[in-house]
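Starting from the given sequences, assemble the full structure and let the hints guide the process.
In our numbering, the protein residues as written are 298 to 709.
If you are wondering where the hints come from, they were derived from the structure by calculation, not from laboratory data. Any given hint might turn out to be false.
With a straight-line cut-off of 20 Å between C-alpha atoms, the simulated SDA-like cross-links for lysine to any residue are [unchecked claim]:
1) Lys371 <-> Ser357
2) Lys709 <-> Gly643
3) Lys480 <-> Pro469
4) Lys480 <-> Ser357
5) Lys662 <-> Leu639
6) Lys371 <-> Leu349
7) Lys709 <-> Ala651
8) Lys363 <-> Asp560
9) Lys666 <-> Thr642
10) Lys666 <-> Arg623
11) Lys363 <-> Thr377
12) Lys666 <-> Gly649
13) Lys363 <-> Glu499
14) Lys480 <-> Arg495
15) Lys662 <-> His696
What follows is a list of derived Cβ distance ranges for each label pair [to be verified]:
16) Thr692 <-> Ala651: 24 to 32 Å
17) Pro342 <-> Ala681: 54 to 62 Å
18) Gln636 <-> Phe366: 46 to 54 Å
19) Asp548 <-> Pro409: 45 to 53 Å
20) Ala651 <-> Glu453: 20 to 28 Å
21) Ala544 <-> Pro521: 27 to 35 Å
Predicted, not measured: the structure shown is a model, and the values here were computed from it. Backbone N, C-alpha and C fix where the C-beta goes; we use that ideal spot for every residue, glycine too.
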Amino acid sequence: MAASKYQAPRGTFDILPDAARIRARIERTAAEIFVRAGYEPVSTPAFEDTELFERGVGRSTDIVRKEMFTFEDKGGRSITLRPEGTAPICRAYLEHGMHKLAQPVKLFYAGPFFRHERPQAGRYRQFHQLGLEAIGTDSPLADAEAIMLLAELLAELGVPGVQLRLGSLGSPDARRDYLEELKAHLRAHEAELSKDVRERIELNPLRAFDSSDEGTRGVMENAPTIVERLNEEDAAHFAEVCSLLDASGIDYEIDPTLVRGLDYYTRTIFSFVCSELGAQSEVGGGGRYDGLIEQLGGPPTPAIGWAAGVERIMLALGEKAEATDRDAFVAVADDGQRQRALALTGELRHAGLAVEVDLAGRSLKGQLKHADRIRARRAVILEADGTMQLRDMQTGDQHPVEPGAVADELSK
RNA sequence: GUGGACGUAGCUCAGCUGGUAGAGCUCCAGGUUGUGAUCCUGGCGGUCGCGGGUUCGAAUCCCGUCGUCCACCCCA
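Next up, the structure:
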């Protein structure tokens, strides 16, 4: 395997042409959908002050506790490769005074993110997400629109086996009360819980809902769910989101145990899972984060957003590589024609055609073989006497063509 | 971070209980007084992931390490 002693670092990978083409299609499709919906592109740095993530994502989260690529720069600052996209965008929103713009500010992004996790299919240390954020409105309309856009993206791309799970975490007050109730419930049944869950009662009691441990599951069956404990406003908000999705024909399943691993989420949360994937089955997910901007030192600003995993979308799609056609390949029957061949190629490209010319000094046979290989529809063959032949690569028909008429002929 | 499986040419893989490396595909050239399927011939290409150990001798056994995959965990 190793032609070189160097390999891409653990959990990273090279994006070779076949995969790069699929990615380009995914990003193009996403951008078209987002732009039509009035979202604007943004891009933030690949790294940020560590504290942005500690405050934004939350110190008790797995991401911050053990998954960040953190290092000190030469000025002694603690820097972290971004593990997610929402906190940086909120930082940019504040830094550039976007709260003075008409609200909500609707943004989308795509790019690499970094988490120091144990790699497996659908989980990498450098991975790519595309996502969007609608900042500055607490209306359920924004929740529904965001969810609709992700549903549309997945449908447009043709991702099979997609299912939407929907939940609500409530507002901070309701959540706090609920968490105390849940912790009390867990403590009351501590002996039946798995060690893992028991150790996290204080730190992250919601995680108990996800446990596969039998004893824990028994306890959780009788545990209060947050959806049952929503206050009036949050319940109304959640009901409205559901109603809007119903009206738009979006299928979903309410999952009262849905949890998110980032602390900033409030109210609506959702997750699109794909049955085609293994353990890493979430292709995209997100939710409302009404307290994040305030947490970062800004004014109270409600917002919602989501991110989708590009690699997971590709896995779900099965990574079928599509070949690209060329309009023509310019071949020479005699080496003396190479200069003219390159010049002609340039002219044809200028005319808007996709054209290649031999760059490897191949024989005529080799050139036509190559023309076939790159799926050129025609070959233009420059003869030693200066005349040209136009060959149809599908039928094998070949006829002389005047130099000035090549571009027109190829456009047919 | 925990547990398990795996790691031979660019790709897909074969190589029994240790004897010192093969096939198909790809790529290049030729068979064709110049023209792409197929076919035929030849060629390029591997320190058998890496390091160490056992042995007269290891791709084959042992240990370590790196990597991939699966599950846990976590999430996109």
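Comparing the hints with the structure gives:
For the given pair, Lys371 sits about 28 Å from Ser357 by alpha-carbon distance, which is inconsistent with the 20 Å threshold. Straight-line distance between C-alpha atoms of Lys709 and Gly643 comes to about 19 Å, which keeps the hinted pair within the 20 Å bound. Distance restraint check for Lys480 and Pro469: the Cα-Cα separation of roughly 16 Å lies within the 20 Å cut-off, and the hinted pair is therefore satisfied. The straight-line distance between the Cα atoms of Lys480 and Ser357 is roughly 16 Å, inside the 20 Å bound, and the hint therefore holds.
Taking the CA atoms of Lys662 and Leu639, the gap is about 18 Å. The hint holds against a cut of 20 Å. Note on Lys371 and Leu349: the hinted pairing holds, with a Cα-Cα distance of about 19 Å set against a maximum of 20 Å. Restraint check for Lys709 and Ala651: satisfied, since their Cα atoms lie roughly 13 Å apart, inside the 20 Å limit. With a C-alpha separation of about 15 Å, the suggested pairing of Lys363 with Asp560 holds against the 20 Å cut-off.
Distance restraint check for Lys666 and Thr642: the Cα-Cα separation of roughly 18 Å lies within the 20 Å cut-off, and the hinted pair is therefore satisfied. For the hint linking Lys666 to Arg623, the alpha-carbon distance of about 14 Å falls within 20 Å, and the restraint holds. For the hint pairing Lys363 with Thr377, the CA-to-CA distance comes to about 12 Å; that is within 20 Å, so the pair holds. Using a Cα cut-off of 20 Å, the hinted pair Lys666 and Gly649 is violated, with the two alpha carbons roughly 24 Å apart.
Taking the CA atoms of Lys363 and Glu499, the gap is about 18 Å. The hint holds against a cut of 20 Å. At most 20 Å may separate the alpha-carbon atoms for a hinted pair to count; Lys480 and Arg495 meet this at roughly 10 Å. For the given pair, Lys662 sits about 18 Å from His696 by alpha-carbon distance, which is consistent with the 20 Å threshold. Range check, Thr692 to Ala651: Cβ separation about 20 Å, and the 24 to 32 Å hint is violated.
Checked against the given bound of 54 to 62 Å, the beta carbons of Pro342 and Ala681, roughly 57 Å apart, stay inside it. Restraint check, Gln636 to Phe366: a C-beta distance of roughly 51 Å satisfies the suggested window 46 to 54 Å. The supplied range of 45 to 53 Å is broken by Asp548 and Pro409, whose beta-carbon atoms lie about 32 Å from each other. Range check, Ala651 to Glu453: about 25 Å between beta-carbon atoms, so the 20 to 28 Å window is met.
A hinted range of 27 to 35 Å for the beta carbons of Ala544 and Pro521 is consistent with their spacing of about 30 Å.
Against the hints set out earlier in the document, violations occur for numbers 1, 12, 16 and 19.
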